[in-house]
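S.K.: Here is how the chains run, residue by residue.
There are 2 protein chains.
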Amino acid sequence: METVEQILLPEWLIPLSEKEPSSGDPVFTNTAVVIDKGLIKAVGDRDEVLSQYYSDDTLELPNHVVTPGLINAHTHSAMTLLRGYADDLPLMEWLSEHIWPAESKWVNEAFITAGTQLAIAEMLRGGTTCFNDMYFFPDVTASIAERAGIRATVGMIVLDFPTVWANDADEYISKGLAMRDQLRHSALINTAFAPHAPYTVSDKPLERIATLANELDCPIHMHVHETAHEIEESTARFGVRPLERLDQIGLLTHRLAAVHMTQLLPAEIETVASRGVNVVHCPQSNLKLASGLCPVHEMLQAGVNIAIGTDGASSNNDLDMLGELEQASLLAKGASNNPSAMGAFQALYSATMGGAVSLGIDQITGSVEPGKAADLIAIDLSDPSTQPVFNPLSLLVYSASRSQVNHVWVAGKQLLKDRQLTTLDLDEVLEGAKEWGLKIAQNTAS
Amino acid sequence: METVEQILLPEWLIPLSEKEPSSGDPVFTNTAVVIDKGLIKAVGDRDEVLSQYYSDDTLELPNHVVTPGLINAHTHSAMTLLRGYADDLPLMEWLSEHIWPAESKWVNEAFITAGTQLAIAEMLRGGTTCFNDMYFFPDVTASIAERAGIRATVGMIVLDFPTVWANDADEYISKGLAMRDQLRHSALINTAFAPHAPYTVSDKPLERIATLANELDCPIHMHVHETAHEIEESTARFGVRPLERLDQIGLLTHRLAAVHMTQLLPAEIETVASRGVNVVHCPQSNLKLASGLCPVHEMLQAGVNIAIGTDGASSNNDLDMLGELEQASLLAKGASNNPSAMGAFQALYSATMGGAVSLGIDQITGSVEPGKAADLIAIDLSDPSTQPVFNPLSLLVYSASRSQVNHVWVAGKQLLKDRQLTTLDLDEVLEGAKEWGLKIAQNTAS
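As given, the protein sequences belong to chains A and B, one line each in that order.
Residue 360 in numbering that gives the first Met the number 0 sits at position 361 of the first sequence, and the numbers go up by one each step.
Residue 427 in numbering that gives the first Met the number 0 sits at position 428 of the second sequence, and the numbers go up by one each step.
Accuracy of the hints is not assured; some may be wrong.
Computed list of lysine-lysine pairs in DSBU-like fashion (alpha-carbon distance at most 30 Å, straight line) [stated by the list, open to error]:
# : chain 1 : residue 1 : chain 2 : residue 2
1 : A       : Lys416    : B       : Lys416
2 : A       : Lys433    : B       : Lys416
3 : B       : Lys104    : B       : Lys438
4 : A       : Lys104    : A       : Lys416
5 : A       : Lys412    : A       : Lys36
6 : B       : Lys36     : B       : Lys412
7 : B       : Lys433    : B       : Lys416
8 : A       : Lys36     : A       : Lys18
9 : A       : Lys416    : B       : Lys438
I should point out that these hints are in silico values taken from the structure, not numbers from a laboratory.
The following block holds chain A by itself, in its conformation from the complex (with noise of 0.2 Å):
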């Protein structure tokens, strides 16, 4: 018998081990999952891994379905400070009268400090193990995750214009890569190039990210095709549609992870999937300021990776991936007048594994398979809103809220006990959320 860290022993396993389930059933009982120096050891029959291995923490999980922890795809975390901030707004008011005037008063590291801890305590309380971001203060965002346990990608971000974090192209890149060089042997953090969007970022730093991002095989995070007005204005300023522009100047790759793509002609989507770039479907932020309908349902089927993101909490306005690959599945069938598009497998598994592949991490991350980290879930489905049990594949994407996650692991540790947070002190993240937002609300009235 060897000795582990852990046994979860949970009622129903959903590994996402596979792209589409051979079995006919993605569902597994009588399963065991092993934990040990971070990583998942085994994964097999529950008799056959109790009798190979021991562990003086050994969790029998009855009503509870194991996954793969969801993987956030594309957000702004500190944004959290501005949530209900402003709403029902059209997107050019909306930025520009509210939320661009409220960050260039406010975004500092103190600010980025409160509002990633609120962001992590929602994400690990919704099953969350990793996010994407992209924000100013990557740094701070990076520690700040590094301390909570919680996997991430911080990006890099450049703009063509200054902000708080730097004055042009060049010292967005430059700051972007000392951080990156600082992060180098961190276990739970990556990096990625995250040039804002076509329309801020001009041809020279984008040349500039395609070259580095293929010298250190460095994934490229950037908002793609969100609006039909972006659409038009590149058409006018460049003479070709953003998509063309990226493919111009070689972004067009696996590395690049294309967040939104509201507007997407069918010999585009067939691009994209012959030069397998990801896209990062955030369905809720697209219906909320009316940017349009990404064409999920289609590009799944021209074989198009899809990962799931929630945006930043001021487009959302939460953090609930367990929400957001619902509202995907959903807004996927309604967009294609299909009631199979996007099935409840394929949620799942766009929310976990195809957020790890969107972010070249998926030799680590995004399913239940020996030698991958152990970021785990565990959700209790003893709720009268999932119950009956017929398939708990179908109640934890249709049916389940991110109040039954009771339980999570990121890299084999337990961030999430019985719903209480292990490594952040809630009380005082509310804290300083809440003196935020006082700030913020009185500056604003005045």
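Position chain B against the provided structure of chain A, taking the given hints into account.
M.R.: Relative to chain A, chain B alone:
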């Protein structure tokens, strides 16, 4: 000082006593709500109320927002027992190969009892204080609802063909009327005619229902224009679209709650508006079955009263009205390409007063006003996903989840207290649901 049963002192109150907030802000602070003999006796300034009224049961609700209870304006509550039974299938395959066979095999009084109890447990825990039901054995649904203390409108269901409940349209109507007679003294239970749909009820019974509804001043609850197929079939069979046929029969009045309404021509929206027809929007069901998009924004602009329903749990797959009103708002923006469509106030209004109006009970419930029934909910915003608080209404609509509903009152009786049900034994309800689930699953597999 007058002694009263209970006084609530919420941090925020959203009374929805006006259709559009004249003050600019529909959220009030420093208020008190006085409950006595099942009714709201007074609503007003905290200090003024406390100088006039005294109660042994005065409840301070810091961090809570109090609103009218949510009204689920369309559901088939007992279908909770078929939650997740079949998903991701085209409508007719889903119905004819899965749902209808299961219903014809399993639906009896015991099924209705267990399924309705499960539904009520779920609805109360999510802040729903009133539901409008259409299913078999409505007398059983009524008695379960009355025992649980929740408000309900039960449908006098009518179909052309025989089911377990009746053999032909005449028998459906007479059984319905007998039930209505038995319930005439009930304080909580109302009735509505519930002809299933234009394609399942022929002209003669519809004419009789139109006459009876006028004579008895009774609402009519009907699926109308749910899918494009329904329109095509009606045009082939009757030479007109369903709405025109219903208009010829005299059914398009303020008494009609027309459910779904995804297929509407501009002229039909005008007709619906001018006749005062109520529209019950079920956004998640429409998306999940890919039925089409209800033009909510256009109807609101035309002055149509919009209510919100979850539909049954087998096409949603939950009875979560907070999720549904968020979905309604997001989808309205996406469908109309207008981020200002169905703002947070309108979404909450539709899910409360809109529902009450659609059921003809807006003199009794739907808002927090003196003289109305004390149908109230208190939602705790001290969760990381609803902080900081710039705007409690935005948080309620776009960020809160059902698990934050801490307290629920119907007719002044507290049915949920710190998330505990007071009139239903949750363990017993779950046990009943589990047994039915096992029985159905075993007989489906074999």
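S.K.: Now tell me if each hint is right for this structure.
M.R.: Each hint tested on the structure:
no. : hint                 : verdict
1   : A:Lys416 to B:Lys416 : holds, 25 Å
2   : A:Lys433 to B:Lys416 : holds, 26 Å
3   : B:Lys104 to B:Lys438 : holds, 11 Å
4   : A:Lys104 to A:Lys416 : violated, 37 Å
5   : A:Lys412 to A:Lys36  : holds, 9 Å
6   : B:Lys36 to B:Lys412  : holds, 9 Å
7   : B:Lys433 to B:Lys416 : holds, 25 Å
8   : A:Lys36 to A:Lys18   : holds, 27 Å
9   : A:Lys416 to B:Lys438 : violated, 34 Å
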